[in-house]
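Student: Below are the chains, spelled out letter by letter.
Protein chains: 2
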Amino acid sequence: MKSTASLRRREVKQLLRQMGQRVYTDLDNAVFPELVFPSRSVRNIVYDEGLKQYILGSSSIRRSSQNIKHIRPFSQLVWLAYFVNKLVAEGKTSTLRDVFYSSQAYNVEFVDQDESDEIITDLEEVLSKAREDFSVYPEERSAIFGDLTIEYTVPGYEGKKLNLSSHPDGYLIGPSLSTAEFVDTSAEMVLAVEKGGIFTRFVEEKVHKKFKALVIDTAGQPPRSTRYMLKRLHQELGLPVYIVTDGDVYGEHIAMVIISGSANAAHLRELTVSSAKWVGVWASDVVKYKLPSNPMTEADIKRAQELKKDPRYTGGIWQRELDLFLKIRRKSELEAFSKYGLTHITDKYLPEKLREAKGM
Amino acid sequence: MKSTASLRRREVKQLLRQMGQRVYTDLDNAVFPELVFPSRSVRNIVYDEGLKQYILGSSSIRRSSQNIKHIRPFSQLVWLAYFVNKLVAEGKTSTLRDVFYSSQAYNVEFVDQDESDEIITDLEEVLSKAREDFSVYPEERSAIFGDLTIEYTVPGYEGKKLNLSSHPDGYLIGPSLSTAEFVDTSAEMVLAVEKGGIFTRFVEEKVHKKFKALVIDTAGQPPRSTRYMLKRLHQELGLPVYIVTDGDVYGEHIAMVIISGSANAAHLRELTVSSAKWVGVWASDVVKYKLPSNPMTEADIKRAQELKKDPRYTGGIWQRELDLFLKIRRKSELEAFSKYGLTHITDKYLPEKLREAKGM
Numbered sequence: 006m007k008s009t010a011s012l013r014r015r016e017v018k019q020l021l022r023q024m025g026q027r028v029y030t031d032l033d034n035a036v037f038p039e040l041v042f043p044s045r046s047v048r049n050i051v052y053d054e055g056l057k058q059y060i061l062g063s064s065s066i067r068r069s070s071q072n073i074k075h076i077r078p079f080s081q082l083v084w085l086a087y088f089v090n091k092l093v094a095e096g097k098t099s100t101l102r103d104v105f106y107s108s109q110a111y112n113v114e115f116v117d118q119d120e121s122d123e124i125i126t127d128l129e130e131v132l133s134k135a136r137e138d139f140s141v142y143p144e145e146r147s148a149i150f151g152d153l154t155i156e157y158t159v160p161g162y163e164g165k166k167l168n169l170s171s172h173p174d175g176y177l178i179g180p181s182l183s184t185a186e187f188v189d190t191s192a193e194m195v196l197a198v199e200k201g202g203i204f205t206r207f208v209e210e211k212v213h214k215k216f217k218a219l220v221i222d223t224a225g226q227p228p229r230s231t232r233y234m235l236k237r238l239h240q241e242l243g244l245p246v247y248i249v250t251d252g253d254v255y256g257e258h259i260a261m262v263i264i265s266g267s268a269n270a271a272h273l274r275e276l277t278v279s280s281a282k283w284v285g286v287w288a289s290d291v292v293k294y295k296l297p298s299n300p301m302t303e304a305d306i307k308r309a310q311e312l313k314k315d316p317r318y319t320g321g322i323w324q325r326e327l328d329l330f331l332k333i334r335r336k337s338e339l340e341a342f343s344k345y346g347l348t349h350i351t352d353k354y355l356p357e358k359l360r361e362a363k364g365m
Numbered sequence: 006m007k008s009t010a011s012l013r014r015r016e017v018k019q020l021l022r023q024m025g026q027r028v029y030t031d032l033d034n035a036v037f038p039e040l041v042f043p044s045r046s047v048r049n050i051v052y053d054e055g056l057k058q059y060i061l062g063s064s065s066i067r068r069s070s071q072n073i074k075h076i077r078p079f080s081q082l083v084w085l086a087y088f089v090n091k092l093v094a095e096g097k098t099s100t101l102r103d104v105f106y107s108s109q110a111y112n113v114e115f116v117d118q119d120e121s122d123e124i125i126t127d128l129e130e131v132l133s134k135a136r137e138d139f140s141v142y143p144e145e146r147s148a149i150f151g152d153l154t155i156e157y158t159v160p161g162y163e164g165k166k167l168n169l170s171s172h173p174d175g176y177l178i179g180p181s182l183s184t185a186e187f188v189d190t191s192a193e194m195v196l197a198v199e200k201g202g203i204f205t206r207f208v209e210e211k212v213h214k215k216f217k218a219l220v221i222d223t224a225g226q227p228p229r230s231t232r233y234m235l236k237r238l239h240q241e242l243g244l245p246v247y248i249v250t251d252g253d254v255y256g257e258h259i260a261m262v263i264i265s266g267s268a269n270a271a272h273l274r275e276l277t278v279s280s281a282k283w284v285g286v287w288a289s290d291v292v293k294y295k296l297p298s299n300p301m302t303e304a305d306i307k308r309a310q311e312l313k314k315d316p317r318y319t320g321g322i323w324q325r326e327l328d329l330f331l332k333i334r335r336k337s338e339l340e341a342f343s344k345y346g347l348t349h350i351t352d353k354y355l356p357e358k359l360r361e362a363k364g365m
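If you're matching them up, the sequences are chains A and B in order.
Residue numbering for the first sequence follows my numbering, starting at 6 and increasing by one per position.
Residue numbering for the second sequence follows my numbering, starting at 6 and increasing by one per position.
Don't read these hints as lab results, they were simulated from the structure.
Some clues are possibly wrong.
Which copy is meant is left open, so a pair is good if it fits within one copy or across any two.
Straight-line distance between alpha carbons at most 25 Å, and here's what the computed DSS-like set of lysine-lysine pairs gives [what the hints assert, rightly or not]:
| id | residue 1 | residue 2 |
| --- | --- | --- |
| 1 | Lys166 | Lys214 |
| 2 | Lys97 | Lys353 |
| 3 | Lys293 | Lys353 |
| 4 | Lys353 | Lys217 |
| 5 | Lys97 | Lys18 |
| 6 | Lys91 | Lys215 |
| 7 | Lys344 | Lys97 |
| 8 | Lys91 | Lys214 |
| 9 | Lys97 | Lys166 |
| 10 | Lys217 | Lys166 |
| 11 | Lys97 | Lys214 |
| 12 | Lys97 | Lys211 |
| 13 | Lys166 | Lys211 |
| 14 | Lys97 | Lys217 |
| 15 | Lys57 | Lys307 |
| 16 | Lys214 | Lys282 |
Take these sequences, add in the hints, and give me the full structure.
Tutor: Shown next, in the form of structure tokens:
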């Protein structure tokens, strides 16, 4: 469990140095510098049956400074490497939006943030690292609570420790938490829940103690930094991950993205937790637990039909629950359990579903 | 600064008891129980020139159990009082949505959450208390960072202290923070910023130390719980509040709502901080600081024209900046300062604007 953060930072610095070195070597040899990385075009995003996730195929993108059409993205990419190298060196972080505006300080032109976001993704590929590793974060954040002692690695806080059960509203998963070392935990699992209200309910009902769990609020479809955190908790602490969502197709898809990744992050296989389990709310739970429910809208039904054709949803509970949603045409939120009292979800539903999930 | 939380809780319990007592007394006297509170109909929302905010006029709503049309909202309201009394007694919290579903446990019918939200607002009026006082919170949350030591009052954490500068990603403003006592602070002001990215930048650049400030991320238009926190920081600690938003009409309106409240919370005058100052980004700052900007959309322009007619926007910087937005037809985000380097906003802009605001 030791010093993975400083290791990661050192690795990123080294990779950035190598990238710069390649450019300089080309120049020294009087060759036009170029950078090569896998293509993310739709045709190169393929579903891997074995990994059960989308990955990139074998096509490459070549950005050559010899090609006049390439000069723009090539220099943007080189500038970005320079910029994040500075960020990492100074121990600062940046947001996707900040990167866009920062470029103007260097007279590097991006038409809009879409263009700079694209180049950030290019750099993820060149380095084979998630942007969280080079200190670029999104705006949205989610939260964590439970018995996990962390040690900060950000400037001004190095060596300071914090136990994540000390603030009952939960801790924001921001840059300093994402880069912290995991020092000690008594937790035996991670429970990822879709919304803040249920997160607070779980904390109040001491789910972290009763189930020896770290509880994470994904705040809807989890931001990348939260998936990054889930992955680290699973990998570095060996904790199984269980996902609790609303009983609808969007909830099912939140679980799917945590487990199998998304097509537009196909270049970042390491963000997935393939052994994570979706414990519910399933369509069959809506029926079994006689939950208050609402009719699915036209958009819900269309979404379910789309997902049915998605290769990630082949077989198992995934296809079965989609079919059942389409049959019952109803959906339920997590709060619907309150019909049976505020603690029904933690006293009855959760233990039953976790028992079931562990047997899966 | 002492024990305001337990005082607030005791007061709410007393008010709930009084409300119940009124019903019982009526029954004992063989009179149909009724509840009376100010009307929130549009015709009863009036702008108060002196207070510079929307308040409720003198019309009342009478909910009588004698009137067959009133029985439904009357019994919903009585049930809600029973439910939150239990919440407060048990030291639990609930969300707006949870209240809706919980009603089904008691066979109290609400068609949808809109209806239960309405009744929650009714109860705010009957008790003259914000729902945060009786433990009902929304989903959304924002964050706070800085040198403020709090003492929890929630079950399991009573008496525990925490300093809000100990986690550099900031602390979520959830139920336990909202109800905590303020024990000690070295801060001399509160800086409310509109978005997480800038919040993180401020923390990294040690704005809390340089400006002796508590920094709050309002996460867009601040949720009620955040306005509640701003009000407490101002009232209990005597701290002035400065608001930093994007340079657009929505940013201007975020500041306005913190300062003068909103029409749909006209019944809760105590949520406003009327002495708070909007330090920018003003339309004139977009020009003065030569910020990268985008054209205003049709919707932006329409919104500005609407606000121009709003009585809260009469005169002062409010009208002047709206006029200028409409003249330049451009808008800038806070991140636009990154054009001049990541620290320009904290090194140059913020000190200049705070100096200006203190002279206002």
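Student: Now, for every hint given, state plainly whether the structure supports it.
Tutor: To see whether the hints hold, each was checked on the structure:
1. Lys166 with Lys214: Both: 21 Å inside a chain and 21 Å across chains, each within 25 Å.
2. Lys97 with Lys353: Cα proximity of Lys97 and Lys353: across copies only (19 Å, versus 45 Å in one copy).
3. Lys293 with Lys353: Intra 13 Å, inter 61 Å, cutoff 25 Å: intra-copy only.
4. Lys353 with Lys217: within (16 Å within a copy, 48 Å between copies)
5. Lys97 with Lys18: Intra 14 Å, inter 48 Å, cutoff 25 Å: intra-copy only.
6. Lys91 with Lys215: Between copies only: 23 Å across chains, 45 Å inside a chain, cut-off 25 Å.
7. Lys344 with Lys97: The answer is between: 17 Å across copies meets 25 Å, while 47 Å in one copy does not.
8. Lys91 with Lys214: Answer is between: at 24 Å across copies they meet the 25 Å cutoff, but 42 Å inside does not.
9. Lys97 with Lys166: For Lys97 and Lys166, only the intra-copy Cα distance (20 Å) is at most 25 Å; the inter-copy one is 29 Å.
10. Lys217 with Lys166: both (21 Å within a copy, 24 Å between copies)
11. Lys97 with Lys214: Close across copies (17 Å), not inside one copy (35 Å); limit 25 Å.
12. Lys97 with Lys211: Between copies, since 12 Å is at most 25 Å while 35 Å is not.
13. Lys166 with Lys211: both (23 Å within a copy, 19 Å between copies)
14. Lys97 with Lys217: between (34 Å within a copy, 21 Å between copies)
15. Lys57 with Lys307: within (23 Å within a copy, 48 Å between copies)
16. Lys214 with Lys282: The answer is within: 20 Å in one copy meets 25 Å, while 44 Å across copies does not.
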